[in-house]
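Undergrad: In case you want the letters, here they are:
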Amino acid sequence: MDALIPFTTSGSLVDLVDKKVLVVLRDGRKLIGVFRSYDQFANFLLESCIERIHHRFDYADKDIGVLLVRGENVVALGEIDLIAEDMVPLREVSWAELEQKINDETKRRERDHAIKDKVLASKGFVNEGREGDAY
Amino acid sequence: MLIFSFFKTLTDQVITVELKNDLSITGTLKSVDQFLNIRLDGISVEDPERHPHMLAVKNCFIRGSVVRYVRMASRSVDTTLLEDATRREAKEAKK
Amino acid sequence: MSGFFGFDTALPERAGQGGAGGGGRQQQFAGFQASNADETFALGGAGEEEDLAVYTWGEGMGGGLMEGGDELNDETFGGGGNGDFGNNFQFSSQPTNAPSKGYGQSTGGGKIASTQSRYKPKPVADPFAFSEDDFYSSRPSTKKPAAPKAPSRPKASTAHSGSVDNLWNKPAVSSPGWGTAPSSIAKPTPPPSASFPSHPSQGPPAPGHIKSLEEIEAEMAQMPMPSTSTAAPRQQQVLSLEEIEKQMMEQIEPPRQPTPQQVAPQREATPSQVPGLAGSGYPSQQALLDSMFPELGKGAIADQPTAPFAPGQEGQRTQEQQSQPIQPSPEEIARVEELRRRISTKIEAMSKYNNLMGSSDKDFITRIQLSQLATADPYTSDFYAQVFSALKRSRQIAEGQGEPTVVQVGAGLGLGVGGPVGNRFGKMGQNTMTKLSTQVKKLVENRAQHQKVANTAALQGALGRVTRGNAAAPRPVLAIPTSNKPEYRPASQLNEQTGVHRAALTRKQVMFALEELYDATLELEQMRRDAPPPTAMEEIEVWHARCQAKVDLIWRSLMVMEPLDVSNPHPFISLINPIKGQRLFMRLLRHLPHNQSITLLSLLIATYIQLDVVARAPPPPVADASLLTKADRLDRAKREGATDHFLHSVIPGVDMIINRCGLGLVAGMLAISAQRSDVCRVAATRPGVALYTALLSKAQSLIRAPAPDPMNPQQSQPADPAEVEQWSKTFTYFLHVLLPHLPEFFPSSVAQKAAFGPGAYLLGGDAISERDGLEMERREAEVWGFAAALAVNAAEEDQTALVGALRETILHTVQSARNPTISPARSEMKLRNVNMFLNGLGLDAAMIE
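Residue numbers (the UniProt record's numbering), protein chains in the order written: chain A, 1 to 135; chain B, 1 to 95; chain C, 1 to 849.
Hints are computed from structural coordinates only; laboratory data are not their basis.
It is possible that part of the hints are untrue.
Derived Cβ-Cβ restraints for the label pairs, each shown as a range [what the hints assert, rightly or not]:
(1) A334/C <-> N103/A: 39 to 47 Å
(2) K95/B <-> N568/C: 50 to 58 Å
(3) T16/B <-> A334/C: 17 to 25 Å
(4) E83/B <-> P563/C: 45 to 53 Å
(5) K20/B <-> D678/C: 56 to 64 Å
(6) D47/B <-> K107/A: 37 to 45 Å
(7) D47/B <-> R108/A: 43 to 51 Å
(8) R832/C <-> K95/B: 35 to 43 Å
(9) R832/C <-> K20/B: 17 to 25 Å
(10) R507/C <-> Y69/B: 43 to 51 Å
Pairs of lysine-lysine residues, derived as BS3-like cross-links and limited to a Cα-Cα distance of at most 25 Å, are as follows [to be verified]:
(11) K442/C <-> K729/C
(12) K580/C <-> K550/C
(13) K30/A <-> K91/B
(14) K508/C <-> K94/B
(15) K20/B <-> K107/A
(16) K94/B <-> K550/C
(17) K442/C <-> K94/B
(18) K91/B <-> K441/C
(19) K91/B <-> K508/C
(20) K123/A <-> K101/A
(21) K392/C <-> K508/C
(22) K95/B <-> K116/A
(23) K20/B <-> K30/A
(24) K95/B <-> K550/C
(25) K580/C <-> K508/C
(26) K442/C <-> K91/B
(27) K30/A <-> K116/A
(28) K630/C <-> K30/B
(29) K62/A <-> K58/B
(30) K30/B <-> K30/A
(31) K62/A <-> K107/A
(32) K441/C <-> K729/C
We put the CB at the ideal spot given by N, CA and C, even for glycine.
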């Protein structure tokens with residue numbers, strides 16, 4: 001029976017408890033916090049949690065606090081290497097600034113997509129799903 | 001349970017998990033559970049430029065429902081046995 | 001439980017960067033001390049009093065609790081029907097900066113230092129907390145049943161266990177309270193003094209449920225900061241009952257923390273200090289740190305006694321350590337030290353709520369899942385993993401031969417599926433092929449020794465000039481017996497008896513039959529695994545009978561006993577023509593009794609020519625692949641693949657049966673083959689060559705029984721002279737049928753013959769690519785092995801005929817081996833091939849000029 005422990009959700013999460021983790025959600029959000037608890041459905045409890053947005057090598061953080069994440073929204077939970085995180089070539093900028101950048105880029109991409117779709121449609125191709133629709 | 005059973009035999013082998021958001025993670029399979037959640041250690045990410053947030057992550061738990069493909073070495077699969085297991089499973093289901 | 005209220009929203013490392021001053025740290029330190037002392041006191045009472053109650057809960061109510069947890073889960077998050085939950089997911093209902101509001105000072109500066117204020121007042125406030133709770137719980141008691149428990153508490157310090165009990169025993173208390181809680185979120189309140197007044201303000205909106213939670217929180221958790229208690233309701237809403245349950249469980253862990261003194265530090269301690277919880281926190285990180293900075297040895301982290309210490313202290317200490325040794329450059333040390341300190345700060349900052357989820361919580365969740373996984377019959381639900389690992393183990397244990405075994409781990413390769421000689425992996429088949437050729441080689445060496453001096457002279461002439469000291473009597477190139485053409489053909493072949501004929505099985509029929517066979521085989525294998533213990537005689541009888549019935553069923557489904565000419569191909573051949581059937585071959589053989597496998601082999605040999613791999617053998621290679629159409633190439637590749645597969649999966653089985661046969665049987669097999677099929681056509685294919693090589697070498701090793709084949713020690717009795725006689729008759733006939741066609745069996749000569757135009761030159765010039773060339777030599781080796789097996793079996797005069805028949809081929813091969821344009825590897829292979837044959841006659845390629 002004990003041999004089965006590695007083959008449970010608990011078995012794979014247990015050593016991550018009380019570690020600093022990154023949680024990626026299905027909508028693309030990235031959360032960083034201390035992993036405090038979980039259950040058999042892989043619902044997570046994060047403490048000292050922040051949301052982080054990235055654009056190229058810039059990032060910005062926003063405080064969240066304590067967060068209970070329902071498992072179905074989770075893509076992955078990864079342990080952050082405390083040493084490596086300081087070595088990473090990322091630069092912190094202000095949230096507003098980065099958000100602006102990301103919005104601009106999204107808008108640009110939307111526009112490109114719209115044009116592309118129009119061209120494709122004129123050739124008889126059907127507009128298919130976008131990035132992020134996969135789940 | 002067949003695939004769960006199969007993944008169990010892959011523990012401690014290096015596999016690549018491709019997620020539905022096109023993120024591909026390679027690492028050593030440490031654990032898998034009945035939902036096919038996967039725990040990888042010593043991970044590396046394909047195309048890290050596109051996923052800067054993964055740079056400092058060294059091991060991770062991946063939810064089974066977001067996995068698109070899992071790639072593994074063909075020698076770690078016993079296809080004959082897999083066929084047999086499939087037959088058994090099919091038979092169980094018929095019962 | 002109030003630990004949650006104190007969560008610091010600031011990220012640990014940012015808190016560190018925030019420039020927590022030494023003074024701040026110092027204060028925090030003091031705060032921790034105080035809270036620890038307090039906890040110790042509070043939990044002390046709890047631990048002692050609650051042991052029993054806790055245990056019952058843990059053991060007895062576990063299942064129910066789990067259920068409850070699930071319900072709450074659903075209620076909290078809403079049903080699964082919320083399909084679009086994913087994208088609209090909100091982290092909280094509050095604006096971004098709400099937490100900072102809630103936490104007051106803690107996020108104000110984003111510094112750990114700021115948290116001191118929460119701890120400082122605590123020693124004073126703690127007694128308040130308890131009395132406060134008593135007060136509140138009794139006040140709402142007018143509305144709710146929560147009140148009655150209050151009086152039952154003898155003392156503040158021991159009370160919390162009692163209230164916890166009450167809470168969990170009270171079924172009425174459930175989630176509704178959760179929903180109302182958020183409304184009671186308090187505005188920031190001035191920490192120390194205001195904490196008391198803030199409570200009443202929450203009282204009314206949050207009904208009894210919240211009260212009780214609060215109570216629990218106040219009583220059981222080490223509740224260090226009343227100042228933040230205003231945030232409590234919100235926190236409670238976020239946290240599920242599970243959270244509380246966990247808390248309780250934690251307290252309930254008497255085995256690990258038998259005394260209150262140990263419980264208390266566990267809360268705030270870094271994980272490394274808690275021996276029982278290896279799994280959580282950052283022990284490994286610490287190990288990493290230690291290994292990274294060995295010179296710093298037991299750094300601050302490791303030393304951390306019972307509470308976090310102020311950076312100032314740490315700095316001092318490290319200064320001391322740094323001044324003493326001996327290490328690289330000071331900057332280096334400073335850098336490393338800085339890194340280490342930063343990381344230890346991070347770890348320390350995060351460690352505040354370590355072990356919130358205790359190991360019993362983890363166990364609990366693990367057990368829930370284990371109970372779902374538990375199964376009476378692991379072979380049903382976990383067949384692949386079970387068998388796979390058993391196979392792996394047994395492969396590791398030994399590479400020996402396994403009779404069809406009954407599961408018992410390690411007892412050979414058992415498990416019915418595949419096995420050592422089986423076809424699981426290509427190399428198994430390869431093994432048989434190498435075994436065959438070593439067998440031939442050994443025979444050849446034997447023969448070579450026998451004939452050393454004796455009668456090689458008679459053969460020399462056949463090869464033209466032979467440079468051998470004394471053998472100066474060159475005979476003219478021998479008159480090869482040419483009389484062995486049509487009259488040697490068996491008459492029986494012409495007038496095959498006409499029996500009942502019917503159409504061959506269709507592909508669909510074959511596939512269905514194979515599926516049935518697979519099912520039956522799987523069942524049989526399972527039965528063998530489930531063997532009753534050897535002591536239960538009756539059960540064994542029954543079990544044997546059942547196995548036998550299954551074997552009989554399989555035997556019938558194999559259709560081996562159908563009349564030979566019932567159809568073309570024979571139904572059994574139809575079954576093993578597809579790859580699926582070939583894979584089953586070895587597995588079935590190990591279940592069939594000896595006589596049945598002999599029967600099966602006889603049938604197989606008699607109808608060998610009907611096999612796809614023989615009837616539709618791959619055509620000879622062409623010099624220039626560009627001459628082929630694409631369809632042609634694909635067809636060739638397909639046929640080559642089929643042949644390879646046959647050699648890997650069926651020939652090992654054939655070899656296994658042949659190895660169990662006596663000389664009489666082997667002679668019989670050869671006779672059947674010679675009688676029923678066109679041996680030349682069969683021998684021109686690789687499966688044919690493999691079959692005949694196996695038969696011939698087995699026969700020869702049986703004739704030489706006095707020196708028994710070490711591979712089959714059981715067959716050491718000398719061969720019966722009558723059988724030897726029968727064998728040599730059959731063999732002679734066989735050889736004479738083959739002789740005129742012998743050169744055609746060599747792929748190189750076939751290729752040359754088939755080539756035309758410029759291709760012929762290409763082939764002759766050995767201009768094909770190195771890889772193809774080596775492959776060609778490997779193919780040639782198979783045929784040379786066959787020729788060698790013929791040679792060692794042949795009587796003296798037949799040997800001469802043999803050499804005569806192969807003269808051209810030998811000379812050509814030797815010449816091309818000496819061709820300087822050919823690669824050394826290939827040339828060596830060519831020589832080895834020829835020598836395999838020549839040595840069997842006591843000759844060597846080196847003798848040929």
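Undergrad: All hints, please: hold or fail.
TA: Going through the hints against the structure:
Distance hint check for A334/C and N103/A: the Cβ-Cβ separation is about 43 Å, which falls inside the suggested range of 39 to 47 Å. Range check, K95/B to N568/C: Cβ separation about 40 Å, and the 50 to 58 Å hint is violated. For the pair T16/B and A334/C, the beta carbons lie near 41 Å from each other, so the given range of 17 to 25 Å is not met. At roughly 32 Å, the beta-carbon separation of E83/B and P563/C lies outside the given 45 to 53 Å, and the hint is violated.
With their beta carbons about 59 Å apart, K20/B and D678/C fall inside the hinted range of 56 to 64 Å. Between D47/B and K107/A the beta carbons are some 24 Å apart, a value that contradicts the proposed interval 37 to 45 Å. A hinted range of 43 to 51 Å is violated for the C-beta pair D47/B and R108/A, which are about 21 Å apart. A C-beta distance of roughly 57 Å is found between R832/C and K95/B, which places it outside the suggested range of 35 to 43 Å.
For the pair R832/C and K20/B, the beta carbons lie near 56 Å from each other, so the given range of 17 to 25 Å is not met. Checked against the hint of 43 to 51 Å, the pair R507/C and Y69/B fails, with Cβ atoms roughly 32 Å apart. Distance hint between K442/C and K729/C is fulfilled; the C-alpha atoms sit about 24 Å from each other, no more than 25 Å. Proposed proximity of K580/C and K550/C is supported: the alpha carbons are some 20 Å apart, at most 25 Å.
Distance restraint check for K30/A and K91/B: the Cα-Cα separation of roughly 44 Å exceeds the 25 Å cut-off, and the hinted pair is therefore not satisfied. Straight-line distance between C-alpha atoms of K508/C and K94/B comes to about 21 Å, which keeps the hinted pair within the 25 Å bound. Annotation: proposed proximity of K20/B to K107/A holds, straight-line Cα distance about 23 Å (limit 25 Å). Our distance criterion of 25 Å between C-alpha atoms is met by K94/B and K550/C, whose separation comes to about 21 Å.
Among the hinted pairs, K442/C with K94/B is inconsistent with the structure: their alpha-carbon atoms are about 54 Å apart, more than 25 Å. Taking the CA atoms of K91/B and K441/C, the gap is about 48 Å. The hint is violated against a cut of 25 Å. Of the supplied pair hints, the one linking K91/B and K508/C holds, its CA atoms being roughly 20 Å apart against a limit of 25 Å. With a C-alpha separation of about 33 Å, the suggested pairing of K123/A with K101/A is violated against the 25 Å cut-off.
This hinted pair does not check out: K392/C and K508/C have alpha carbons roughly 35 Å apart, beyond 25 Å. Pair hint K95/B plus K116/A does not hold up; C-alpha atoms about 52 Å apart against a cutoff of 25 Å. In summary, the hint linking K20/B to K30/A is supported, as the alpha carbons are separated by about 16 Å, within the 25 Å threshold. At most 25 Å may separate the alpha-carbon atoms for a hinted pair to count; K95/B and K550/C meet this at roughly 20 Å.
For a cut-off of 25 Å, the pair hint linking K580/C to K508/C stands: about 13 Å separates their Cα positions. For a cut-off of 25 Å, the pair hint linking K442/C to K91/B is broken: about 49 Å separates their Cα positions. Taking the CA atoms of K30/A and K116/A, the gap is near 29 Å; set against the 25 Å cutoff, the hint is violated. Between K630/C and K30/B, the direct Cα distance comes to roughly 46 Å. Violation of the 25 Å bound is thereby established for this hinted pair.
Distance hint between K62/A and K58/B is fulfilled; the C-alpha atoms sit about 23 Å from each other, no more than 25 Å. For the given pair, K30/B sits about 23 Å from K30/A by alpha-carbon distance, which is consistent with the 25 Å threshold. At roughly 22 Å between alpha-carbon atoms, K62/A and K107/A fall within 25 Å of each other, so this suggested pair holds. Under the criterion of a C-alpha separation no larger than 25 Å, the hint pairing K441/C with K729/C is consistent with the structure, at around 24 Å.
In summary, the structure is inconsistent with hints 2, 3, 4, 6, 7, 8, 9, 10, 13, 17, 18, 20, 21, 22, 26, 27 and 28 from the numbered list given earlier, while agreeing with the others.
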